[in-house]
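The task is simple: from the sequences and hints, build the whole structure.
Chains Y and H, in that order, give the protein sequences. Per our numbering, residue 928 is the first one in the first sequence, and the count goes up by one each step. Per our numbering, residue 928 is the first one in the second sequence, and the count goes up by one each step.
Identical copies look the same in the list; a pair holds intra-copy or inter-copy alike.
In silico BS3-like cross-links for lysine-lysine, where the CA-CA straight-line distance does not exceed 27 Å:
hint	residue 1	residue 2
1	K996	K1011
2	K981	K929
3	K1041	K981
4	K973	K1099
5	K996	K1020
Treat the hints as calculated values from the structure; they're not laboratory data.
2 protein chains.
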Amino acid sequence: MKKLYFATTNEGKLKEAKSILKVEVVGTPLEIDEVQSMDPIEVATKKARLYFEKLRKPIFVEDVSVFIKALNGLPGPYIDAFMKTLGNEGIVKLLRGANERSVTAQATVVYIPKMGVEEVFIGEVEGTISDKPRGEGFGWDPIFIPKGEKKTFGEITLEEKNKYSMRAKALKKFKKWLEKEM
Amino acid sequence: MKKLYFATTNEGKLKEAKSILKVEVVGTPLEIDEVQSMDPIEVATKKARLYFEKLRKPIFVEDVSVFIKALNGLPGPYIDAFMKTLGNEGIVKLLRGANERSVTAQATVVYIPKMGVEEVFIGEVEGTISDKPRGEGFGWDPIFIPKGEKKTFGEITLEEKNKYSMRAKALKKFKKWLEKEM
Chain Y
928 MKKLYFATTN EGKLKEAKSI LKVEVVGTPL EIDEVQSMDP IEVATKKARL
978 YFEKLRKPIF VEDVSVFIKA LNGLPGPYID AFMKTLGNEG IVKLLRGANE
1028 RSVTAQATVV YIPKMGVEEV FIGEVEGTIS DKPRGEGFGW DPIFIPKGEK
1078 KTFGEITLEE KNKYSMRAKA LKKFKKWLEK EM
Chain H
928 MKKLYFATTN EGKLKEAKSI LKVEVVGTPL EIDEVQSMDP IEVATKKARL
978 YFEKLRKPIF VEDVSVFIKA LNGLPGPYID AFMKTLGNEG IVKLLRGANE
1028 RSVTAQATVV YIPKMGVEEV FIGEVEGTIS DKPRGEGFGW DPIFIPKGEK
1078 KTFGEITLEE KNKYSMRAKA LKKFKKWLEK EM
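Structure follows, in structure tokens:
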């Protein structure tokens, strides 16, 4: 069975990747800095390269960006910094009174099977930013209403949420690519 | 005469550094990615290390962060991304109606004279974000009112502005350190 490295130590993410890719997926505690850029493909690709340089094994990284239209695309790849500084309360405050509330969450997976080969797989979910945080959940779940729902990711079940998972969408594209290769 | 490398190609910055440091200052067109972090010292130090690894010559970098209190410190080191996406108009819009308008601009200089030595010099200027962009000037000049002024950096002369320069403050600390070393 093929063995791929995934640049995470998050058990949930590893399990999800294993179940979608149907290969052995091994996490790595190696920490690599992310570069400053509003381009999620640049961020993920450079991160993957650094991991590959260290590990010299087939490795993929996955990175989530959140593009809020009223903020001209911010925070994009800087979503973690926004969560740490403003949090969900602060982000909805920035959009107070705004009619334009659309947002796209993008998962970018970059896979480097060997030196010089870089494959990019993107999964997106569109939605709107809620007027205030609602429900529980991880990160920006409480303020993200996926298109077709009235509830935030924080208010729906994990099963419902998984239907919209931008990470699952990116991993499924990756799976298709792997099938052709294997 | 001592020769230092400065990680910039900006003629104005090179001239300023030369005039304050009283040493030969040589620019470099080498481009190095900046890491994602809200800590300006981490950003500047990691950048300086990468430059030093490539050049193996005494090198300093200078990086500006802008901490807006009402945004809990954002954009910080991500000021370039904020300028490119929101611009000055967008930033003042984020603060519309806010009473808390204070802001700190910080220049962080990191100098690596040789492997294992990293010196950090910080210059700060405090101020407030104007209600709208006023005047001309570079970057966020039109929305930054330094403490003690009623005008933005965009409305005062370069000579007046230089009194407040956070970069000059950091470079002067660097100069003092160099004097002790030489």
